[in-house]
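Next come the chains, spelled out residue by residue.
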Amino acid sequence: MKTTFKEENNDFVMYFEGRLDTAAAPAVEKEMEPLNDCTGHDIILDCTQLEYISSSGLRIFLAILKNAKPKGSHVFIRGLNDDLRQVFAMTGFTNLFEFK
Amino acid sequence: MGADWFFLGFSLPAWITILTVTSIFVVMARSRIPAEVAFLGALTILLVTGVVSEEEGMAGFGSEPVVIHAAFFVIIAGLMQTGVLYWLTKHVLGDPKNYNNALLRLMVPTSILAALLNSVNVVALFIDAVKIWARKLNISPSKLLLPLSYAATLGGMCTLLGNSSNLVVAGLYLNKTGQSMHLFEPFIPGLILTVVGILLVMALQHYIPSRRTAEQSFETTSDYTVELLVPTDNPAVGETVEDAGLINVKGGSLVEIVRFDREIIMPVPKDEWVLGGDRLIYAGQINEILELKRTHGLAAADHHVWSINDIDTKRKMRTAYVDFGSSLIGRSMSECHFEQKNNVALVAVARQGYRVKGQPREIRLEAGDTLLLECPPKGDRLLEQETRHTVTFFDSHFVPQLGPKTVTSAIILILMFLISSMHVLPLMATTMLAAGMMMLFGCCRITGITRYIEWELLLILGATVVFSVAITKTGVADSIANEVLQLCGRNPYVVMAVMCLLASIVSEFVSDVGSSAVFFPIMYQQAEMLGCNPMPFVMSLMLSVTISFASPIGSNTHMLIYGPGSFKFTDFARLGIVMHIVLLTLTLVLVNIIYPLY
Numbered sequence: 001m002k003t004t005f006k007e008e009n010n011d012f013v014m015y016f017e018g019r020l021d022t023a024a025a026p027a028v029e030k031e032m033e034p035l036n037d038c039t040g041h042d043i044i045l046d047c048t049q050l051e052y053i054s055s056s057g058l059r060i061f062l063a064i065l066k067n068a069k070p071k072g073s074h075v076f077i078r079g080l081n082d083d084l085r086q087v088f089a090m091t092g093f094t095n096l097f098e099f100k
Numbered sequence: 001m002g003a004d005w006f007f008l009g010f011s012l013p014a015w016i017t018i019l020t021v022t023s024i025f026v027v028m029a030r031s032r033i034p035a036e037v038a039f040l041g042a043l044t045i046l047l048v049t050g051v052v053s054e055e056e057g058m059a060g061f062g063s064e065p066v067v068i069h070a071a072f073f074v075i076i077a078g079l080m081q082t083g084v085l086y087w088l089t090k091h092v093l094g095d096p097k098n099y100n101n102a103l104l105r106l107m108v109p110t111s112i113l114a115a116l117l118n119s120v121n122v123v124a125l126f127i128d129a130v131k132i133w134a135r136k137l138n139i140s141p142s143k144l145l146l147p148l149s150y151a152a153t154l155g156g157m158c159t160l161l162g163n164s165s166n167l168v169v170a171g172l173y174l175n176k177t178g179q180s181m182h183l184f185e186p187f188i189p190g191l192i193l194t195v196v197g198i199l200l201v202m203a204l205q206h207y208i209p210s211r212r213t214a215e216q217s218f219e220t221t222s223d224y225t226v227e228l229l230v231p232t233d234n235p236a237v238g239e240t241v242e243d244a245g246l247i248n249v250k251g252g253s254l255v256e257i258v259r260f261d262r263e264i265i266m267p268v269p270k271d272e273w274v275l276g277g278d279r280l281i282y283a284g285q286i287n288e289i290l291e292l293k294r295t296h297g298l299a300a301a302d303h304h305v306w307s308i309n310d311i312d313t314k315r316k317m318r319t320a321y322v323d324f325g326s327s328l329i330g331r332s333m334s335e336c337h338f339e340q341k342n343n344v345a346l347v348a349v350a351r352q353g354y355r356v357k358g359q360p361r362e363i364r365l366e367a368g369d370t371l372l373l374e375c376p377p378k379g380d381r382l383l384e385q386e387t388r389h390t391v392t393f394f395d396s397h398f399v400p401q402l403g404p405k406t407v408t409s410a411i412i413l414i415l416m417f418l419i420s421s422m423h424v425l426p427l428m429a430t431t432m433l434a435a436g437m438m439m440l441f442g443c444c445r446i447t448g449i450t451r452y453i454e455w456e457l458l459l460i461l462g463a464t465v466v467f468s469v470a471i472t473k474t475g476v477a478d479s480i481a482n483e484v485l486q487l488c489g490r491n492p493y494v495v496m497a498v499m500c501l502l503a504s505i506v507s508e509f510v511s512d513v514g515s516s517a518v519f520f521p522i523m524y525q526q527a528e529m530l531g532c533n534p535m536p537f538v539m540s541l542m543l544s545v546t547i548s549f550a551s552p553i554g555s556n557t558h559m560l561i562y563g564p565g566s567f568k569f570t571d572f573a574r575l576g577i578v579m580h581i582v583l584l585t586l587t588l589v590l591v592n593i594i595y596p597l598y
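Heads up: the sequence lines are chains G and V, in that order. For reference, each letter of the first sequence is one residue, going 1 to 100 in the working numbering. For reference, each letter of the second sequence is one residue, going 1 to 598 in the working numbering.
Note that these hints are calculated values from the structure, not bench results. Treat the hints loosely; a few may be bogus.
Said to hold, decoys possible - Restraint-style ranges between C-beta atoms, simulated for each label pair: (1) G:Asn36 with V:Asp233: 26 to 34 Å; (2) V:Lys341 with G:Met90: 19 to 27 Å; (3) V:His389 with G:Lys2: 50 to 58 Å; (4) V:Glu335 with G:Tyr52: 23 to 31 Å; (5) G:Tyr52 with V:Met58: 52 to 60 Å; (6) G:Tyr52 with V:Thr44: 44 to 52 Å; (7) V:Trp87 with G:Met90: 52 to 60 Å.
Just so it is clear, the structure is predicted and the values come from calculations on it, not from any experiment. Each residue gets a CB set at the ideal place from its N, CA and C atoms; glycine is no exception.
If we strip away everything but chain G, and leave its shape as in the complex, we get (with noise of 0.2 Å):
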């Protein structure tokens, strides 16, 4: 699993690659910390080069998206596949995230 941080556009960029499951959890939620002060920064997560998403790494989406909302910060979640995005329909993360 591997993930890469980028700001673009004045936007804070997350990429994502391979198999985000429950033991890659840890690691990941470590490697988003740079996303924790977005103040004043929209945020996506682009899921284009991601196999796999545990429950684990929902509930690291999930954290992200609990702490931008108060800073007025949106989530945008971009290139799912058909695959996530089932998992994202299936536990409700559809109706909580926008997508690009």
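Let chain G serve as the given structure and place chain V on it in line with the hints.
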């Protein structure tokens, strides 16, 4: 085949027979394979290896015990549908004042009915009525269910119809001698054994365990495990369990979350997020926790639910227990398709009246476990039929209408007994005639009549007759009979006692029917070798295989009460062993007084 090859005095066909029959006993005692499958498997081996011919192999299925049982199932269906059995349960028992009075008022009529209607039918019939009594007397149902089972089996000893093994022994006797026994052949020893047995149960009533009731455990236990699902569109999704008001709820608390990918969160922190598809496991009072379905939009479901609106809100909770020999035993609900197939959802599991720790749908089920199931609002009877032999629902919805046909079917039954006991017709012809009359007079619906026939039992009975043939034909009966004679000397009383003891012990662990089929040819052979009248040997075998009361496996009626009484496997042993020893001794004495050896 292999008749010239001998090992330890037995030919190859004899060894095949011994190994096949022994392996059935082991399979039945140690595995979950249904008895009828084990018996048919064994029959196949005997046929394929040429131990029995095709004609011999199939003869069992047209034998007297099979035909009488099949006809009797139709008669029972008629009595059930016209309300005769319902009327009996309503009016036979009366209103007991105390426990001793209840024991007597229960055991005497049920033993009489068992003699006429078969012990298994009577126990099945009276389970619900006995549970109502238990509630009235404020005692545990187990205190009455065990005596019910004893009384029925004891009463069943009095006639050939009373216990299945009686018919098997009578059928084998007919094959051997060409003489048919009459319906009341075992009446005198059976009656004395019944009276002594009932007195023993009353004298040793403190040996009858008091177990918590299975259904009440769901209502009253404050420490129970309930599983509820979060539908996708639930407003709690994305909230913490604390903010959503799901952690400490009225009557219980959240102990575990199982995510859609089976990740388990335990213990559950207050700030844990709720995701759609989560399974929330609560410990607490079931009725209160189930309120969460209404107040928080949670669902009892075996599959993912997108919206609470997808669930029929009129679905209802019903309790059922896992039958002996059920396909659910040893498996968890999540491993099988029981829920999907029957459109039910498991909510909670009780074992002997107590909480089983863990996620209900992951619990490995055991015989007698009580299940709380969310069921469709309609189709109770269909559900009960579809799940027959897997689970039995406590609140059966079958209430027949009483009317003129009730009288007709009762008359047919009485005529059947009169004709049979006066030897006007043989028992097989009488039961077939009665079954035909039941259908002719519209006492039971002809369409779907096969539903009431317990095909499994007929298959077992058919196969057991063949084992008996194989044991005789291959010389096994002859050799074992000789061996026992050499060991015990030529005293017929000692031989009979040893054989009955062995047969009754095998019956404790396997089944009375199987045991009687295996021991019949051996004992008959011994009687002939000793130059004795075979009747005392035959009768002592018939009675001794049914007094196996110490384990639930040996007794068909014990199996029926196991779940409703929340019994433990060992609960039957204390009283059962005493009854076994006393009644076996009495059987041997009585049979030898009534039927002289020479």
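| message | Of all the hints numbered above, which does this structure not satisfy? Sort the numbers upward. | response | Violated hints: none; all satisfied.
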